[in-house]
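Undergrad: Read off the chains here:
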Amino acid sequence: MAERHQIDARGSYCPGPLMELIARIKQAGIGDELEVLSTDKGSANDIPEWVKKVGHEMVDSFQADGVWHVVIRKTK
Amino acid sequence: MKILIVGGGMGGTILANNLARRLKHELKQGKAQITMLSASERHMYQPGLLYVSIGRMATDALYREQTSLLEPEIEFHVDPVTTFTLDQNQVTTQSGKTYGYDMLVIATGSRAMPETIPGLAENSVNCYTEANAVEMWRQVREFQGGTVTIAVGVPHKCPMIPLEVTFVLHDYFKERGILDKVKFQYTYPIGRIHSLAPVGEWAKGEFDRLGIQYETLFNMKEVDGANKVVHSEEGTQSHYDLLVAVPPHKGMAVIEENGLGQSGWIPTDRHSLKMEGRDNVYVLGDTTNLPISKAGSTAHFEAEALAENLAAIVKLGEPVRDYDGKVFCFIEAGSDRATYAMFNYNQPPAPRAPNRAVHWFKMAYNQLYWASARGLL
Ligand SMILES: Cc1cc2nc3c(=O)[nH]c(=O)nc-3n(C[C@H](O)[C@H](O)[C@H](O)COP(=O)(O)OP(=O)(O)OC[C@H]3O[C@@H](n4cnc5c(N)ncnc54)[C@H](O)[C@@H]3O)c2cc1C
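Top line first, the protein sequences correspond to chains A and B. Under my numbering, the residues of the first sequence are numbered 1 to 76, in order. Under my numbering, the residues of the second sequence are numbered 1 to 377, in order.
Keep in mind the hints are simulated off the structure, nothing from the lab. Think of the CB as a built atom: it goes at the ideal place given N, C-alpha and C, for glycine as much as any other residue. It cannot be assumed that every hint is accurate.
Covered by chain B, according to a simulated footprint, are these stretches of chain A (three or more residues, beta-carbon under 8 Å) [said to hold, decoys possible]: (1) 4-11; (2) 37-51; (3) 59-73.
Taking lysine to any residue pairs in the SDA-like style, the calculated list, with each CA pair at most 20 Å apart, reads [said to hold, decoys possible]: (4) B/K204 to B/Y214; (5) A/K52 to B/Q237; (6) A/K26 to B/T216; (7) A/K41 to B/P348.
If the Cβ cut is set under 10 Å, some of the chain A residues that face chain B in the computed set are [to be verified]: (8) Q27; (9) V54; (10) G55.
Construct all of the structure, not just a fragment, from the sequences and the given hints.
TA: So, in structure tokens, the structure goes:
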């Protein structure tokens with residue numbers, strides 16, 4: 001069963017939301033979704049760029065109450 | 001009120017001493033009790049390992065006896081915890097003893113795990129343990145030229161190490177007069193050369209000036225030692241003659257074994273530092289799952305906030321402040337220059353150009369650390 005994991009990287013300047021995602025994705029199963037919460041607007045660009053390069057899948061990206069939610073699916 | 005601190009590293013030690021000072025009277029009157037359980041009788045100043053790995057510090061300078069750093073009122077045992085029974089407010093240790101508490105603080109730190117990437121442990125050097133730093137110095141000393149690749153796993157403690165190790169090695173080879181035979185290939189997991197954007201910006205200028213090449217969005221997948229190549233998750237590869245690793249880290253095995261947190265990271269409230277779902281368990285330093293630097297300075301500022309709160313709970317029954325995410329990191333920018341980054345949950349850092357004064361302040365801090373661990377600074 002695929003799961004959804006939330007990574008709360010709000011207020012993260014270091015190591016940064018993408019780094020949090022990279023650290024966590026290894027523990028997830030293939031097909032799992034990971035939702036990163038970030039207050040850093042750069043993440044809305046950084047995360048899709050990495051996801052594309054590595055070959056995972058972008059599911060969603062939206063902003064609500066000043067927090068970016070970037071959702072990806074692990075494909076391999 | 002029984003306060004039990006598990007872990008006698010940077011976070012645990014600063015907390016225990018700070019708390020002992022705030023609770024002097026309560027400790028004397030027997031109204032409060034502070035016990036520390038740790039895994040070692042010696043305290044290691046881990047940032048010193050960077051200097052060991054380039055032959056600038058002797059290994060014995062890394063250590064002090066833990067008892068010499070603690071206020072006398074603190075009861076200290078070298079007896080690592082094996083089982084946490086949080087529902088019964090107790091822990092069990094390697095010696096078989098059971099310790100109860102009213103408030104528990106977990107500060108067991110983190111460890112480098114090069115073995116989690118195929119081929120990395122056998123084919124790289126790093127500065128994350130004493131043995132590894134000594135071996136790194138041996139290989140660096142014997143290196144006669146070729147490509148030095150720096151490869152970074154996540155998460156890792158001390159966010160500045162990837163840059164610092166590159167800068168100090170650059171200057172070391174320059175001082176040895178073989179820089180023209182050495183090529184630097186720096187790699188980094190995300191789309192810039194450091195996680196802090198302003199630090200990355202500044203470091204990029206330095207790398208360009210020094211002729212250090214870099215590849216971003218590079219996450220180690222495996223190391224092919226026979227062909228001296230590191231492969232990335234992103235499908236690229238980097239050849240090396242000397243592979244300098246910043247290995248991925250995990251928390252201590254005991255955390256995961258006791259079901260306290262995946263990979264050894266304990267889910268922690270970012271402001272109160274309480275373990276999620278527990279009212280009398282707090283987490284400090286590297287072992288939290290907070291999205292901030294795994295650094296001594298993080299442990300230090302968290303310990304100060306927590307000491308104030310735990311003392312207030314003993315005295316008033318309520319905590320008095322929130323931890324604001326404060327971190328301060330020195331950044332060695334070569335053998336005689338340094339800068340720093342200071343930030344919190346709301347305020348990004350704005351590092352300045354490196355200079356000699358900050359480098360000498362870091363050298364002084366290497367000694368001052370012992371006063372800071374005693375809670376004096
Ligand atoms: C090479 C290097 C350079 C660094 N440079 C810097 C720097 O310049 N600036 C900076 O701020 N930080 C730096 N750091 C990071 C810093 O050292 C750590 O982030 C810091 O030590 C974390 O503190 P801690 O209290 O969480 O854990 P630690 O200091 O690692 O302490 C953990 C403690 O827990 C104990 N323990 C482990 N298991 C158990 C158990 N089962 N029961 C009881 N006790 C246990 C251990 O014996 C130890 O005393 C550097 C680290 C390294 C390795």
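Undergrad: Please write out, lowest number first, the hints stated earlier that are contradicted by the structure.
TA: Of the numbered hints given earlier, the structure breaks just one, which is hint 3.
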